[in-house]
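Peer 1: Taking the hints into account, I'd like the entire structure generated from these sequences.
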Amino acid sequence: MTTGSGDCGCGGGCGGTATSGSGTGARGGIERPRFFPRQLITPDDLTLGQDYFRDRLRRMNRYLHGWGVVCGARVEASTQAWRVVVQPGYLLGPQGDEIMIERDVCFDLRTRCVSAVSGDACDDIAIDPLCPDRTVSTRDPGAPLFVAVRYRQVAARPVRVQPVGCGCDDTGCEFSRWQDGYELCVLDACPESHASPPSMAQFTEPGAIPDCPPCPTDPWVVLAKVTVDEQGKVSAPDNCACRRQLRTTGPYWWNCNEGTRSETQPGSATEAGTKAETKTKADPARPT
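Using our numbering, you'd call the opening residue of the sequence shown number 1 and step up by one each time.
If you're looking for bench data, these hints aren't it; they were derived computationally from the structure.
Honestly, I wouldn't trust all of these hints.
Claimed, not checked - Computed Cβ-Cβ distance ranges for the label pairs, DEER-style:
1. 80 <-> 211: 43 to 53 Å
2. 72 <-> 231: 48 to 58 Å
3. 50 <-> 159: 14 to 24 Å
4. 40 <-> 195: 49 to 59 Å
5. 236 <-> 188: 18 to 28 Å
C-beta: ideal position from N, C-alpha, C; glycine also.
Peer 2: Encoded structure:
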């Protein structure tokens, strides 16, 4: 597992920023760089161009698609004590970030949080005795735990930094990449944002103009509720007790049928006959 920093706000007009280099204009709108000849380009200018399109995508995800689990990301009990397996899945975070779990991830419930960019084998994850604050505190046996995930970007690919001026120190390094990752954590309670889904009647019945959704402050997407006994035996996880399942048309498709369309294409004999019949009905017959 890999740890890294990358706390992200909403961006796109909600007062947060995707990264530290994101820019907001004087009137509150997001900015993008405008390049011109002989301009001195800095890293902030290049980063701002990336953040502009990233913030727009995040804003579209929040307002148009919503957030939650799109597909997969089921949680199953492992054969080893205290551990569960999170299956591959795709999610949209509350701030509009994509969360892609590409393969099975084994998560030790005694660990408070674990960050990753890809899954690790169950045997490779262990409790760090030097970090007691990263472990779940003692609780009543059978008390429910909630496995949740949030987006997190992880710095990667360190490269040597060229010395400045007359300096001879070439040991300095900077990370040259950001990797999209995620953080699995154990929550003590189901967040209020997962409590009760809204009625689906608004999609089929006319109603008032909806308000734009507020910028979420909770970064978590809950995957399942689990209970563990004193020996670390994990009961069958409940994947539906506290999960925001996002509706999507991705899995659905249909077969087209142009049989009726070909008979009424522009210029066809059927279309000409239809127009003539319509004109005859509209105009009364004139004497010859």
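Peer 1: Mind listing which of the numbered hints don't hold for this structure, in increasing order?
Peer 2: 2
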